[in-house]
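Asks: Take a look at the letters that make up each chain.
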Amino acid sequence: MRKDFWMLIFIVALFGLALWIITPIDSERFGRHGMQLGLDLKGGSHLVYEADLSKKDPSQSDADAMAGVIQKIERRVNEYGVTEPLIQQLGTDRILVQLPGVRDINEAIRLLGQTAQLDFREQKLGPDGKPVVNDKGEQEWVIAKAKGSDGQEKELTGKYLKPNAQVVISQQKNEPEVAFEWNSEGAVLFKQVTERNLKKPLGIFLDGKLISAPIVQAVIEDRGVITGLTISEAKTLAIQLNSGALDVPLTIIQRSDIDATLGADSLHKSLIAGLIGLTLVILFMIIYYRVPGVIAAIALAIYATLVLSVFKMMPVVLTLPGMAGFIVSIGMAVDANVLIFERMKEELRSGKTLGAAVDAGFNRAWSAIRDSNITTFIACGVLYWLGGTLGAFMVRGFAVTLFIGVLLSMFTAITVSRTFLRLLVASHWVTSLRAYGVKR
Amino acid sequence: MIDFVGKRYKFFLVSGVLILVGIISLAVFRLQPGVDFASGSAITIRFDRPIDQGDLRTALLNLGYDQAIIQKTPDGDFFIRVREISPGEKESLTTGLEDKFGKVTVLDFYSVSPVIAARTGRDAGIAIIVAAVFILAYIAWAFRKMPRPFRWGTCAIIPILHDVFIVLTVFSILGWLLGVEVDALFITGVLAVVGYGINNTIVVFDRIRDNMTRGISRDFATVVNSSVLETFTRSLNTSLTTLFVILALYLLGGVTIRNFMLVLLVGVVVGTYSASCIAPQLLVVWDRGEWGHFFSWLPIGKRKS
Numbered sequence: 001m002r003k004d005f006w007m008l009i010f011i012v013a014l015f016g017l018a019l020w021i022i023t024p025i026d027s028e029r030f031g032r033h034g035m036q037l038g039l040d041l042k043g044g045s046h047l048v049y050e051a052d053l054s055k056k057d058p059s060q061s062d063a064d065a066m067a068g069v070i071q072k073i074e075r076r077v078n079e080y081g082v083t084e085p086l087i088q089q090l091g092t093d094r095i096l097v098q099l100p101g102v103r104d105i106n107e108a109i110r111l112l113g114q115t116a117q118l119d120f121r122e123q124k125l126g127p128d129g130k131p132v133v134n135d136k137g138e139q140e141w142v143i144a145k146a147k148g149s150d151g152q153e154k155e156l157t158g159k160y161l162k163p164n165a166q167v168v169i170s171q172q173k174n175e176p177e178v179a180f181e182w183n184s185e186g187a188v189l190f191k192q193v194t195e196r197n198l199k200k201p202l203g204i205f206l207d208g209k210l211i212s213a214p215i216v217q218a219v220i221e222d223r224g225v226i227t228g229l230t231i232s233e234a235k236t237l238a239i240q241l242n243s244g245a246l247d248v249p250l251t252i253i254q255r256s257d258i259d260a261t262l263g264a265d266s267l268h269k270s271l272i273a274g275l276i277g278l279t280l281v282i283l284f285m286i287i288y289y290r291v292p293g294v295i296a297a298i299a300l301a302i303y304a305t306l307v308l309s310v311f312k313m314m315p316v317v318l319t320l321p322g323m324a325g326f327i328v329s330i331g332m333a334v335d336a337n338v339l340i341f342e343r344m345k346e347e348l349r350s351g352k353t354l355g356a357a358v359d360a361g362f363n364r365a366w367s368a369i370r371d372s373n374i375t376t377f378i379a380c381g382v383l384y385w386l387g388g389t390l391g392a393f394m395v396r397g398f399a400v401t402l403f404i405g406v407l408l409s410m411f412t413a414i415t416v417s418r419t420f421l422r423l424l425v426a427s428h429w430v431t432s433l434r435a436y437g438v439k440r
Numbered sequence: 001m002i003d004f005v006g007k008r009y010k011f012f013l014v015s016g017v018l019i020l021v022g023i024i025s026l027a028v029f030r031l032q033p034g035v036d037f038a039s040g041s042a043i044t045i046r047f048d049r050p051i052d053q054g055d056l057r058t059a060l061l062n063l064g065y066d067q068a069i070i071q072k073t074p075d076g077d078f079f080i081r082v083r084e085i086s087p088g089e090k091e092s093l094t095t096g097l098e099d100k101f102g103k104v105t106v107l108d109f110y111s112v113s114p115v116i117a118a119r120t121g122r123d124a125g126i127a128i129i130v131a132a133v134f135i136l137a138y139i140a141w142a143f144r145k146m147p148r149p150f151r152w153g154t155c156a157i158i159p160i161l162h163d164v165f166i167v168l169t170v171f172s173i174l175g176w177l178l179g180v181e182v183d184a185l186f187i188t189g190v191l192a193v194v195g196y197g198i199n200n201t202i203v204v205f206d207r208i209r210d211n212m213t214r215g216i217s218r219d220f221a222t223v224v225n226s227s228v229l230e231t232f233t234r235s236l237n238t239s240l241t242t243l244f245v246i247l248a249l250y251l252l253g254g255v256t257i258r259n260f261m262l263v264l265l266v267g268v269v270v271g272t273y274s275a276s277c278i279a280p281q282l283l284v285v286w287d288r289g290e291w292g293h294f295f296s297w298l299p300i301g302k303r304k305s
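If you read the sequences in order, they're chains A and B.
Residue 440 is where the first sequence ends in this note's numbering, and the numbering goes up by one at each step.
Residue 305 is where the second sequence ends in this note's numbering, and the numbering goes up by one at each step.
Hints are computed from structural coordinates only; laboratory data are not their basis.
Each statement offered as a hint is correct.
Per the computed footprint, the stretches of chain A lying under chain B, defined by three or more beta-carbons under 8 Å from a beta-carbon of chain B, are:
1) 39–51
2) 271–278
3) 283–291
4) 328–341
5) 364–377
Quick caveat, the model's predicted, so the values are computed rather than measured.
Note that the Cβ used here is the ideal one computed from N, Cα and C, for glycine as well.
Can you make the complete structure from the sequences, with help from the hints?
Replies: Pasting the structure below:
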C-alpha cells in the first residue's frame, strides 16, 4: 500500500513532466523547439546521391573522397539556408540529403549535386596561329596553363580561388556578376594567363560548359568577375565556388519531393483519424471492462503523453508511417491491459478476492506480455536495418516509433495500470464484482 | 464450447484453399511492383481545373512518354508512372503540362534508379528471412523448459508465413483489379504484420505452456483446446481495438498511407485467425504425428488406417 502510494506520486510527477514538455506542442523545452516533422509532413526533398569513386583523384582514399564531398555539400546546404537539413553517408558510395521546406527544389538540386569544376581556357590555335573552329563553327578551347610559384606547370582552375566569391550587380550593365579573388598561387598563374591573352577572349567553363568568354582588357593578378549569368545562376555559382568543386561526380539515384500543402494535409488527416480511433478504443475498453476499462483509459492517456514527450525530446523525426507506428503501438499498449484484465476476471471467477485477483492477473500475464513484445522488438530491429540500407526514411520512422511505443507500453501496463488498480481495490471505493465485469 | 482443435482439418482446408488461390493469383497476376522495386519515376500532380484522363494521356504522349501509367486518385489528382527521369526532364515535363492545362502543382515526386531498385528487392527478402530466423530462435529460447522448444518456434513461424502469403495474395488481386502497387512501405507493413501476428500466437502458446505446467489434462489436445478458448476473448478484443484505429486511419488518414493501412488491416484479421485456428492446431498435429494426413489424399503410399 505504502509502496503503491509512492509509485502513484512518481507516476503523477512523470506525467506532469511529460505534459509540461509537450504543451503547447510547439513550445521550447530543454532546447527542443516543437516536434521535428519528417519530409512527408512538412514537405521538402529527399535525395540519395551515388558518387562515382572511379573518378576520384588516385592519391585520395575512398573514405577521404566521400568525406570531402559530404563536407562540401554541407557548406552548400548551409549557405543556401535550409533549416534542419540532414546529410549523411549511406554505405560506401551513397549520400543521403534531406532538405525540408525548400522553396525551389530544382534550384537546390542544381546547387548541390553539380561538381562545379571551374576552369579557364584559352582559344585553341591552329598551326597557322589562328583560332581553331569546329564543324559547327564554334570556337575550340584548351585549358590555360602557367608556371606556378614552385616552377611547376599548373592548370588554372577554381582550386586557387579564395572562398569569398559573391554576387554583385555591375554598375555599367546592371547585370549580376560573380566577383572572385585568387589566392597567392592563383594570382601568379592568372597574371601569366592574362598577359598571354591580352585583347583575346578567355573562356570561363563550369563542368566543361562555357558560361562566358570575356575579352581580356588588362593584365590582372588578384581578382576577376564572371558575367553572363541570371541572378539565381550567379547565387548558385558563388555558393559552389566557395564550397569548392566536388571531389567526385554525383548522380541522383533516389529522389522524393513532397509538396508542403500535401504534407500539412496528411498531418491533419492522420491526427483526426488517430483521435477518432483512440476514442473508439477507449469507449470499447470502458464498456467491456467497466472499472478496469476506465483505468486502462487513464493509463492510455498517460502512455500517449509519455510517448509524445519522448518523441519531442529525442527528437524522433515524425513521419506518416512513424505516426502509424505510434498508433499501432497504442493497439499493443491496450493489448497488455486486455491480457491482464482477462486474467484478472478468470481469477475473480475462480473465487479469489479482488486484491489477490489483481496481483495474480498481473503476474500471470507478464510472461505473455514480455515474450510478445520482445518479438516485436526483433521485427523493429530488422526494419531499422532495412530502412538504413535503403535510405528509406519512412521505413526507419515506423521502426523507431513502434519500438519506443512498445517499450513504454510495457512500462505503463505494469506500473501505471497496476498501481491504479491496487490503490482502487485497497481504497474499497468500488467493491462490486459487476463493476469489474464479472458475474458471480 | 467450440472445439477448436477437433475442427483443425476444416481450418487447414480453409487456409489450403486460400493458399491455392494465392499461388494461382501470384503466378498469373504477380504483384505490381512500385517505383521502389521496378525503378522509374512517380509523380502525383494536381491541376487547377478538372482534366480528362484521355487528354492527359495524349499530352504525355506528345511529350514523349508513351509508356506512362496514369491513375486518378480519389482526391481527383493524377498519379503518373514513367521511366526514371532526371531533374531537367521533370522540369520540362511539368512546364509541358502547364502549357496545355494551366497551373500544375507537383504534390509528390518519387524517383528511383535501377541500381537501388534491384537492391531494395533483395534487402526486403533478406529482412523477412532474418526476422523469421530471429523470432524462431527467440521462441525456442522462451519455451526452452518445454519439451522440443524448436517445435514451438516452427509452429509459430508457419502461420506467420501463411499470414504474409495471404497479404501478398490480396495485393496481387488488388494489383490486377485496381493497379495497386507494392513499395517500401508495403514491406514495412508486412514486417509489422509479422510482429503483430507473432504477438497473438505467443499469447496462445504462453497459455498452453502455463496450462501444461499446471497439468490441467493429460491429453495434449485438450490442453491446447482449453488454452485457445481461454485466450480467445483476449485475441478478439485486442484485434478489435487495433482494427478500430487501423480502420479510422484507412478511411480518414489520406492517400499516402491508405495501402499501408490496408496491409495492416488484412494482416491483423488473418493474424488473429491463424493464431487461434492454425498455430495451436499445428502443435497438436505434430504431437500426434499426423503430418502424414496432409498427404493421405495423394495416390502414392498407403493411407494410415
